[in-house]
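There are 2 protein chains.
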Amino acid sequence: MRALIIDCHGHYTTVPAEMEAYRKQQIEEVSNARPLHMGTVPITDDQIRESLEGAQLKLQRERGADMTFFSPRASAMAHHLTSAEGNVYWAAHWNDLIYRVCQLYPDNFAPVGMLPQFPGVEPKESIKELERCVNELGFIGINLNPDPSGGMWTDPPLFDKWWFPIYEALQDLDLPAMIHVSQTCNPNFHFTGAHYINADTTSIMQFIQSGLFEQFPRLKFLIPHGGGAVPYHWGRYRGLAQDNGWGLLQDRLLKNMYLDTCVYHQPGIDLLFKVIPHENILFASEMVGAVRGIDPETGHYFDDTKRYIDGSKKLSAAERAKIFEGNARRVFPRFPASL
Amino acid sequence: MRALIIDCHGHYTTVPAEMEAYRKQQIEEVSNARPLHMGTVPITDDQIRESLEGAQLKLQRERGADMTFFSPRASAMAHHLTSAEGNVYWAAHWNDLIYRVCQLYPDNFAPVGMLPQFPGVEPKESIKELERCVNELGFIGINLNPDPSGGMWTDPPLFDKWWFPIYEALQDLDLPAMIHVSQTCNPNFHFTGAHYINADTTSIMQFIQSGLFEQFPRLKFLIPHGGGAVPYHWGRYRGLAQDNGWGLLQDRLLKNMYLDTCVYHQPGIDLLFKVIPHENILFASEMVGAVRGIDPETGHYFDDTKRYIDGSKKLSAAERAKIFEGNARRVFPRFPASL
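Read top to bottom, the protein sequences are chains A and R.
The first sequence begins at 7 in my numbering and counts up one residue at a time.
The second sequence begins at 7 in my numbering and counts up one residue at a time.
Bear in mind the hints are in silico, worked out from the structure with no lab data behind them.
Among the clues, some could well be false.
When the alpha-carbon atoms are kept at most 30 angstroms apart in a straight line, the in silico DSSO-like pairs for lysine-lysine are as follows [what the hints assert, rightly or not]: (1) Lys130(R) - Lys167(R); (2) Lys280(R) - Lys319(R); (3) Lys280(A) - Lys319(R); (4) Lys312(R) - Lys280(A); (5) Lys320(A) - Lys130(R); (6) Lys130(R) - Lys280(A); (7) Lys312(A) - Lys280(R); (8) Lys280(A) - Lys320(R); (9) Lys134(A) - Lys167(A); (10) Lys320(R) - Lys280(R); (11) Lys280(A) - Lys319(A); (12) Lys319(R) - Lys319(A); (13) Lys64(R) - Lys319(R); (14) Lys261(R) - Lys280(R); (15) Lys320(A) - Lys280(R); (16) Lys312(A) - Lys261(A); (17) Lys130(R) - Lys64(R); (18) Lys319(A) - Lys320(R); (19) Lys312(R) - Lys319(A); (20) Lys312(R) - Lys320(A); (21) Lys130(A) - Lys167(A); (22) Lys130(A) - Lys261(A); (23) Lys319(R) - Lys312(A); (24) Lys320(A) - Lys319(R); (25) Lys130(R) - Lys261(R); (26) Lys319(A) - Lys280(R); (27) Lys312(R) - Lys280(R); (28) Lys312(A) - Lys320(R).
Bound conformation, chain A alone:
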C-alpha cells in the first residue's frame, strides 16, 4: 500500500456530448409519450481519454493528487427529468461509462455510481442498480440524491422509512453513500450556489433531528461541499441538539457522517478543521466542477483545495495523512488496499 492523495469527490463533468444527446432524446420521447428504450450511447475509448487528459487528469498531476473517486456529473443526474423508466436507462449508461473510465485509468479513478431515482418512486426500486454497480462493476461508493424532485423537495425526508430499504442494502454492501443533489427546476434555487449547499445543510439537520444513525449504525454518509452551512453554524447545531435532548453531535452524527473539503477558500477550510474532528474530514476538490476560475486574491484555482490543506498551519503530518488518505480508505472499504 503506497501513500496516496485521494480526492473523494470528482464528477465526470467533461463527459462527451453524446451523453447529453441521449438525454435530450429521452426527454423528447417522454414529452411525446413515445416508448423508451435502453439504446446505446456511442462513445469511444479515445473520446473518453480526450475528455479527461486535458482536464481531470491534467489537474490531478498539476495539483499533486493521485486518485479521484469518480462519479457521474452531478447536475446531469437530473432525477426529476424523463420518467422512472427513463432514469433506469440513464443511470445504467452513466454507471457503465464510469466503469469504462476506471478501467482505462485504474490508477487515477475509482468508480462511484448514481442511482435511477425518480420523484415519488420508492428508493428501494434503486437497489437493483446499486447491487449491479457493486457486485458486477466493482463500484466503491454511490451517490444518493436526497431530493430527486430537483428543488421541489416533494419526497419524504431522509429519516422516513421510505428510504430504509436502500439503507439496509448500503449496510449489507458495506458501501458509503455521498448525499448529493442535482440540477434544480425551482427558480428559487441556483443549483451550485444554493441547492447543493442547502441540501447538505438540510440532510445533516435531518440526521440530527431524527437520530437516524441509531437505527442504522453501520451507515456511512459523506456530505459534500464541506457540509453546507453546518460547520459555520456548529454552535447552533450543538445547541439545537442539546435543547432538544438529542445529546452530543459526536455521538448522534459523527460516528456515521463525514464531510469533504470542497470549500474554496482558506478561512473556510480553517474553520472546518477547527470545529469538525479530523477523523470525519475527507480531502476532495470536486474538480472540474462548480467553480473553475483562479482566485485573484491568491493567484491559484479556487477549487485547488489541496493547497488549503497544505496551507493549514495547525495540522500535524498525521492529521494531514488521515484527511488525504486514511479516512477515505476507512470510509470506502471497497477501495482496493492494493492501490
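Using the hints provided, position chain R relative to the given structure of chain A.
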C-alpha cells in the same frame, strides 16, 4: 447621542399565549370556511411587561446590550397559514403589539414589523401595512419573508418583478428589510436548523445571480443568521460570480446587503469577521430565540453573541463600535439619533 450596543435582531418569542389562541381561532375559521374578522387580542400592558422582564430585558441587562430592534416572533408569522385576509389581520395585531412593546420600553426596543404576505399573493398587497407601520407606528424596519409558502418555495425568487413594488416602497421609505422566513410545512426542512439557514443562503445567491441591486440601488437588506452558509463558502461565491461575469461581490452585493452576528460559536464569528467587511456586519443575538441553552464548552449561553465579538482578538475598538452601533444606525436611518 450616547454610545449604544444595538442588537438588530430580536423577536417577541415570549409573547403571551393570547396571540396563539387568536391564531388557532383563525385557522379553525378558515378550515371551516367561516368568515374572518379582525377581532381583538386581549393582552394587557402588565402581561407584556411580565413576558419581557424575565426574558429579553433581563438578558439585555445581563449581557450588556442596550437596545434591540424587535419584531414579531419569526416562526409565528407562518404566512402559509389561514388566508390572505387572515394574514392581514394577523400582521396588524402583531405590529400593534410590537408598537405597544416599544411604547412601554422606548429605551430598550425599537419596532420592526411583519408583512401580511400569503403564498401566491403579490407582495404589493403588503404595501398598505408597510406604510402604516412606518408612517403611523414609527417602525424602523420590516421583515420580508422570501418564502411565504413555508418551505415549499412556490413563489417567484426575489429577483422577479413580482417583488418590485415592495422594493420601490422600501426605497421610498428609506427602510431596510430583514429577509427572514418563518415556520415550515415541508417535513424536509427543520425550521430553525435548516429552513432559516437555507433561506439566507438562497436569498444571497438570488441577489448575486440577478444583480438585483443594480436595479434597486437604494435597497438595504439585512440577512440574518450570519448569512446562512455564505461566509463559510465565500470563495465559492466569489468564484461563481467571477466565472459568470458577475463581477466582484463587494460591488454586486455588499453595497446593499448586511449580515448579522447570529452565529453561535467563536470560530464562526471569527470567520465572519475575516471574510466579510466590518461595514457589512451588524451585532445581533436573536435572543430569546432558536438556541436557548448554555454551551458546555464555554459555560456561557450559545446565543450570547456579544461575548464572541468581545472575544474576537483582531477587532479594533473602532471596528467593534461599527458592529455594535454605527452600522445599525447607518442601515436603519429611522432609528432616532436622539437615542
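30 angstroms Cα cutoff - pair Lys130(R), Lys167(R) = Status holds; Cα separation ~11 angstroms.
Straight-line Cα separation of Lys320(A) and Lys130(R) no greater than 30 angstroms?
-> violated, 52 angstroms
For the pair we were handed, Lys130(R) and Lys280(A), check the Cα-Cα distance against 30 angstroms.
-> Outside the cut-off at roughly 45 angstroms; violated.
Would the pair Lys312(R) and Lys280(R) pass a check requiring their Cα atoms to be no farther apart than 30 angstroms?
-> holds, 17 angstroms
Would you mind confirming whether the straight-line C-alpha gap from Lys130(A) to Lys167(A) stays at or under 30 angstroms?
-> holds, 11 angstroms
Starting from Lys130(R), check that the Cα of Lys64(R) is at most 30 angstroms away, please.
-> violated, 38 angstroms
Keeping to a limit of 30 angstroms between CA atoms, is the pair of Lys319(A) and Lys280(R) held or broken?
-> Roughly 17 angstroms separates the two Cα atoms, so the pair holds.
Compare the distance between the alpha carbons of Lys312(A) and Lys261(A) with 30 angstroms, and conclude whether the hinted pair is satisfied.
-> holds, 25 angstroms
Is the straight-line distance between the alpha-carbon of Lys130(A) and that of Lys261(A) 30 angstroms or less?
-> Holds, because 25 angstroms separates the two Cα atoms, which is no more than 30 angstroms.
Taking only the CA atoms, is the gap from Lys319(R) to Lys319(A) under or equal to 30 angstroms?
-> holds, 18 angstroms
Take a quick look at whether Lys312(R) and Lys319(A) sit within 30 angstroms of each other, Cα to Cα.
-> holds, 28 angstroms
Lys320(R) paired with Lys280(R) [C-alpha distance capped at 30 angstroms] = holds, 9 angstroms
Consistency with the previously given hints fails for numbers 5, 6, 17, ordered from lowest to highest.
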